[in-house]
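Asker: Order-wise, the sequence lines are chains A and B.
Sequential numbering from -9 applies to the first sequence in this note's numbering.
Sequential numbering from 106 applies to the second sequence in this note's numbering.
Keep in mind that a hint or two might mislead.
[Stated by the list, open to error] Okay, derived cross-link-like pairs now, SDA-like style, lysine to any residue, Cα gap no bigger than 25 Å in a straight line:
| id | chain 1 | residue 1 | chain 2 | residue 2 |
| --- | --- | --- | --- | --- |
| 1 | B | K158 | A | R88 |
| 2 | B | K175 | B | D143 |
| 3 | A | K63 | B | S203 |
[To be verified] Far from chain A, by Cβ distances over 12 Å, these chain B residues were calculated:
| id | residue |
| --- | --- |
| 4 | K116 |
| 5 | H134 |
| 6 | R135 |
| 7 | Q142 |
| 8 | P144 |
| 9 | H146 |
| 10 | G147 |
| 11 | S154 |
| 12 | K158 |
| 13 | G168 |
| 14 | T182 |
| 15 | E184 |
| 16 | A197 |
| 17 | S199 |
| 18 | S203 |
| 19 | L206 |
What the hints contain is simulated information worked out from the structure, not anything from laboratory work.
Where is the CB? At the ideal position from N, CA and C, for every residue including glycine.
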Amino acid sequence: AQKITQTQPGMFVQEKEAVTLDCTYDTSDPSYGLFWYKQPSSGEMIFLIYQGSYDQQNATEGRYSLNFQKARKSANLVISASQLGDSAMYFCAMREGRVETSGSRLTFGEGTQLTVNP
Amino acid sequence: DAGITQSPRHKVTETGTPVTLRCHQTENHRYMYWYRQDPGHGLRLIHYSYGVKDTDKGEVSDGYSVSRSKTEDFLLTLESATSSQTSVYFCAISEFRSGELFFGEGSRLTVL
Chain A
-9 AQKITQTQPG MFVQEKEAVT LDCTYDTSDP SYGLFWYKQP SSGEMIFLIY
41 QGSYDQQNAT EGRYSLNFQK ARKSANLVIS ASQLGDSAMY FCAMREGRVE
91 TSGSRLTFGE GTQLTVNP
Chain B
106 DAGITQSPRH KVTETGTPVT LRCHQTENHR YMYWYRQDPG HGLRLIHYSY
156 GVKDTDKGEV SDGYSVSRSK TEDFLLTLES ATSSQTSVYF CAISEFRSGE
206 LFFGEGSRLT VL
C-alpha cells in the first residue's frame, strides 16, 4: 500500500484565492511526522511546514497551514492568498518513528503540480 | 542556507561506466541521505548514513553503493551505470528536532 497518497496530479487556482492540496498517509507507528515541500521549476526542494503526530494544533507558517486530521490520516496543505510565485510542484512526505532513534527517512508522495493564474 | 553542496551538478555518461556523486555538508549533521527523483515517483530513498562509516539501504538501493569516511562527505557510487539510473539525485541532511530535511541543489545524471 502507498504510504503517502496525493490524488491531485494538477491543481489550478486564481491569484489571491486559497487552495487546498490533499495528502493522505498510512502508518501504524504512533510516532510520525508529516512534511510539505515545494519544488519550483528551478528544481530545488524547499521545506514549507511540519506536523508531528502528537501535536494538538494544526501547524501554520505564514500563508501555509496544515489541516491535520489524525483519524482520517490526512494532512492537507492550505495555501491562503495564492501568489504567482506559488506555482510549483508540492510534495507531501512522512517520517515514521522518532527522529532521535531513526533519523528522518522520509517517504514522499508523487506530488501535485499547482498553477496559479493571474 | 543549509550548507550542502553536490557535485557534479550535471553529468552525462555511458552505460557501464562508474559514476560517483559527492555530497558535502558544512553543518556537522549526523544523518545524511541520498534520494532520486523520477517523474511519477516523487523522491525515493537510495541510501542513508547515520554516522561515519555507518550506512544503510533505502527503498531503491540496488545498483548503488555509498561511503562516508568523514562527517562532512557522503558519496554515492554507481559501479556500472545503466539507463534506468538516469535521474535527478538529491542529497539531504536532517535537522535533529523535527527531522526536517535540507536538500542540496540536485545532480542531474544522464546515462546513454
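Asker: For each hint, tell me whether it holds in the structure or not.
Answerer: Outcome of the hint check:
no.: 1; hint: B:K158 with A:R88; in the structure: 22 Å, holds
no.: 2; hint: B:K175 with B:D143; in the structure: 29 Å, violated
no.: 3; hint: A:K63 with B:S203; in the structure: 19 Å, holds
no.: 4; hint: K116; in the structure: 15 Å, holds
no.: 5; hint: H134; in the structure: 10 Å, violated
no.: 6; hint: R135; in the structure: 8 Å, violated
no.: 7; hint: Q142; in the structure: 9 Å, violated
no.: 8; hint: P144; in the structure: 9 Å, violated
no.: 9; hint: H146; in the structure: 7 Å, violated
no.: 10; hint: G147; in the structure: 4 Å, violated
no.: 11; hint: S154; in the structure: 9 Å, violated
no.: 12; hint: K158; in the structure: 16 Å, holds
no.: 13; hint: G168; in the structure: 19 Å, holds
no.: 14; hint: T182; in the structure: 20 Å, holds
no.: 15; hint: E184; in the structure: 23 Å, holds
no.: 16; hint: A197; in the structure: 8 Å, violated
no.: 17; hint: S199; in the structure: 4 Å, violated
no.: 18; hint: S203; in the structure: 5 Å, violated
no.: 19; hint: L206; in the structure: 6 Å, violated
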